[in-house]
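Asks: Now for the letters of each chain:
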Amino acid sequence: MSVEWPLWEVFIRSQHGLAHKHVGSLHAPDAEMAIRNARDVYTRRNEGVSIWVVRSADVHATSPGAKEPLFEPANDKVYRHPTFFPMPDEVKHL
Amino acid sequence: MATDSDIFDYLLRLGDSDLVLAQRLGEWVGKGPVLEEDIALANVGLDLLGQARLWLSYAGEVEARFRGRGRSEDELAFLRDGAAFRNVQLVEQPNGDYAATMARQLYFDHAHHLLLQGLARSRDERVAAIASKGVKETQYHVERSSDWVVRLGDGTEESHARMQRAIDDLWPYTGELFAADELDAVLADAAIAPDPASLRDAWQAAIAAALDEATLTLPAIGWMHGAHGRDGKHGVHTEHLGHLLAEMQFLQRAYPGAQW
Chain F
1 MSVEWPLWEV FIRSQHGLAH KHVGSLHAPD AEMAIRNARD VYTRRNEGVS
51 IWVVRSADVH ATSPGAKEPL FEPANDKVYR HPTFFPMPDE VKHL
Chain S
1 MATDSDIFDY LLRLGDSDLV LAQRLGEWVG KGPVLEEDIA LANVGLDLLG
51 QARLWLSYAG EVEARFRGRG RSEDELAFLR DGAAFRNVQL VEQPNGDYAA
101 TMARQLYFDH AHHLLLQGLA RSRDERVAAI ASKGVKETQY HVERSSDWVV
151 RLGDGTEESH ARMQRAIDDL WPYTGELFAA DELDAVLADA AIAPDPASLR
201 DAWQAAIAAA LDEATLTLPA IGWMHGAHGR DGKHGVHTEH LGHLLAEMQF
251 LQRAYPGAQW
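Line order of the protein sequences matches chains F and S.
For what it's worth, our numbering labels the leading residue of the first sequence as 1, then goes sequentially.
For what it's worth, our numbering labels the leading residue of the second sequence as 1, then goes sequentially.
FYI, nobody ran anything at the bench for these hints, they're computed from the structure.
Since the model is a prediction, treat every value here as computed from it, not as a measurement.
Distance windows between CB atoms, simulated:
{"hint": "1", "chain 1": "F", "residue 1": "14", "chain 2": "S", "residue 2": "228", "range": "49 to 57 Å"}
{"hint": "2", "chain 1": "F", "residue 1": "66", "chain 2": "S", "residue 2": "74", "range": "56 to 64 Å"}
{"hint": "3", "chain 1": "F", "residue 1": "35", "chain 2": "S", "residue 2": "95", "range": "19 to 27 Å"}
{"hint": "4", "chain 1": "F", "residue 1": "4", "chain 2": "S", "residue 2": "74", "range": "38 to 46 Å"}
{"hint": "5", "chain 1": "F", "residue 1": "35", "chain 2": "S", "residue 2": "209", "range": "18 to 26 Å"}
{"hint": "6", "chain 1": "S", "residue 1": "95", "chain 2": "F", "residue 2": "54", "range": "29 to 37 Å"}
{"hint": "7", "chain 1": "F", "residue 1": "17", "chain 2": "S", "residue 2": "257", "range": "47 to 55 Å"}
{"hint": "8", "chain 1": "F", "residue 1": "55", "chain 2": "S", "residue 2": "143", "range": "16 to 24 Å"}
{"hint": "9", "chain 1": "S", "residue 1": "185", "chain 2": "F", "residue 2": "22", "range": "49 to 57 Å"}
Glycine included, each C-beta is placed from N, C-alpha and C at the ideal position.
Looking at chain F on its own, in the form it has when it is part of the complex:
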């Protein structure tokens, strides 16, 4: 193959009601074949009811270098977690 096919990210919804989840990536010349390939590569064991594919080049991501300014400030804000409410014993499954 002289020209490499573009890369696609694959998202599979495993059940109705759940969100699509990123499962991996693959190469394909266009969206139609990307979906077909995703079906063959990622749903062979009955994993899904719906497939999304997105050109990897179209995914915009945070930079690993920006991890500290982006995420670290949340670390010491414990009051953002609902952990200060006493739970009555009768309440189960919470």
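Please build the complex by placing chain S on the supplied structure of chain F, with the hints as guidance.
Replies: Using the frame of chain F, we list chain S on its own:
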């Protein structure tokens, strides 16, 4: 009136074509042009193998009804010689390049899909059940092989030329898919299977549409392999089947009854 022996013979035709083509597609594993395609083609092969198992298992049960003892699916697959195989000659043709594999698949998939749709209405409940399950798979096979033929036909100059050559080379093997013989007539009368000749027009229309979209030409070749019943359905095969069986059957022949 279709006897059990007739039904057995017919089930072998169904099972053997699936089995031999599954083996051919398996030969691509690890050698596919790209990883995704390697897996996809293996999937199609496994679909066909699954169908072959159902047909051959049922064949063994029917065989027991008139012979006292019926063979298992494994015995039928691994311990019969070439002349006892009833697959069409098309499916035993070598993989060649990807165009040849896809041309073979295009011809077979469309015929297979039409046949299973007919068999899904069979008066034999077991046949109808197996066919109904298979139709969902062959629908996908048809889309896949048509798509590839269009991509390669309407691709580069090189891929177009190769695709046309493959379409022309394999065309003379398509006659057998629709050549009805006495057994076909008996089963059609019993409403167990459709008359293969009745599928021909729909098949040709589908192939013509795919080739048109692919900027390819429908072959004008009139002669067909396997004329006068000297075809795969009657155990007359091309030189390629023996080599395929030698590889497929080696283990059970060398180590009879081996299991893992």
